[in-house]
Amino acid sequence: MAFYIASIIAILATIMVITRYNMIHALLYLVVSFLAVAVIFFMLGAPFVAALEVIIYAGAIVVLIIFVIMMLNLKEESVEQERKWFSKNIWIGPGILSLVLLGELAYILITSERVLLNNSVVDSKAVGMSLYGPYIIGVELCGLLLMAGIVGAYHLGRQRRKVVHRFLEKAEE
Amino acid sequence: MNVLPVEMGLLLAGVLFTLGLISVLIRRNIIFMLISVEIMLNAAGLAFIVAGSRWAQADGQVMFIFILTMAAAEVSVGLALILQIYHHLKTLDSDAADKMSG
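First to last, the protein sequences are chains W and A. When we follow this note's numbering, the leftmost residue of the first sequence carries the number 1, and every step to the right adds one. When we follow this note's numbering, the leftmost residue of the second sequence carries the number 1001, and every step to the right adds one.
For the record, the hints were derived by calculation from the structure and aren't laboratory data. Any given hint could be a false lead.
Claimed, not checked - Pairs of lysine-lysine, BS3-like flavour, derived with a Cα cap of 27 Å:
hint, chain 1, residue 1, chain 2, residue 2
1, W, Lys-88, A, Lys-1090
2, W, Lys-84, A, Lys-1090
3, W, Lys-84, A, Lys-1099
4, A, Lys-1090, W, Lys-75
5, W, Lys-88, W, Lys-75
Please model the entire structure based on the sequences and the hints provided.
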């Protein structure tokens, strides 16, 4: 029963995310959605991943997006612009097509044989043993990916200062 | 409560993924498209957790940690790109960036 309540909260919060005009309101609903999914993870016997979901998704990633929105310094007219962009004839086509795909998936899942979840808790020790045992190459690749992400974000996010001189005008690196 | 079918978890992951897919198709704001990609990645991770819980193995959680790492790297690079696009074009409209002129 608790699973269904958390599922409904997650789905409703996600629907609220994709229909908001104001970005900050959408991000607040996104935090609610991530928290509901974290509750589901906890019920599925994955407490370590539930903690990671709260800390990294609902904490770090959302805060990063909020900081970028603050840096962009969007005014009130961006909400009006978003309302203008988000008209009905835009979302009706992709929405119906995606919902048909979802209905197909639900049909396949429901008509297949029912498999019950065995409620056993996989604790963080087992995850760590698996992570640093057979999956060690994945951990190293993740480290490489994060390094590339840091360097890429620094390189792309750098502001180029424009030098205005009397005779020559050039963009300095 | 104890007899939770695995289809319900997979169905929830499918619903969340579809919502993210709809949002990334219908939005024109780049930040909303990035948020939608996060929703879709989260739904994929949920499917991994459900499958890992079904067989009581740690592999699903390991895969979720990899997805989490990828999402964090992706959002940082994506936000840097959004900042650059906003400084160049003065708008968040994704249709404004349809010319590949450096």
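- [ ] Would you check the hint for Lys-1090 of chain A and Lys-75 of chain W, treating anything up to 27 Å between C-alpha atoms as holding?
- [x] holds, 13 Å
Open item on the list: Given the hinted pair Lys-88 of chain W and Lys-75 of chain W, is their Cα-Cα distance within 27 Å?
Closed with: holds, 24 Å
- [ ] Starting from Lys-88 of chain W, check that the Cα of Lys-1090 of chain A is at most 27 Å away, please.
- [x] holds, 26 Å
TODO: With a cut-off of 27 Å on the C-alpha distance, tell me whether Lys-84 of chain W and Lys-1090 of chain A pass.
DONE: Measuring from Cα to Cα gives roughly 17 Å; hence the hint holds.
Open item on the list: Hint check: Lys-84 of chain W vs Lys-1099 of chain A, CA-CA at most 27 Å. Holds or violated?
Closed with: The given pair, whose Cα atoms are some 23 Å apart, holds under the 27 Å limit.
Violated hints are absent here; each numbered hint is respected by the structure.
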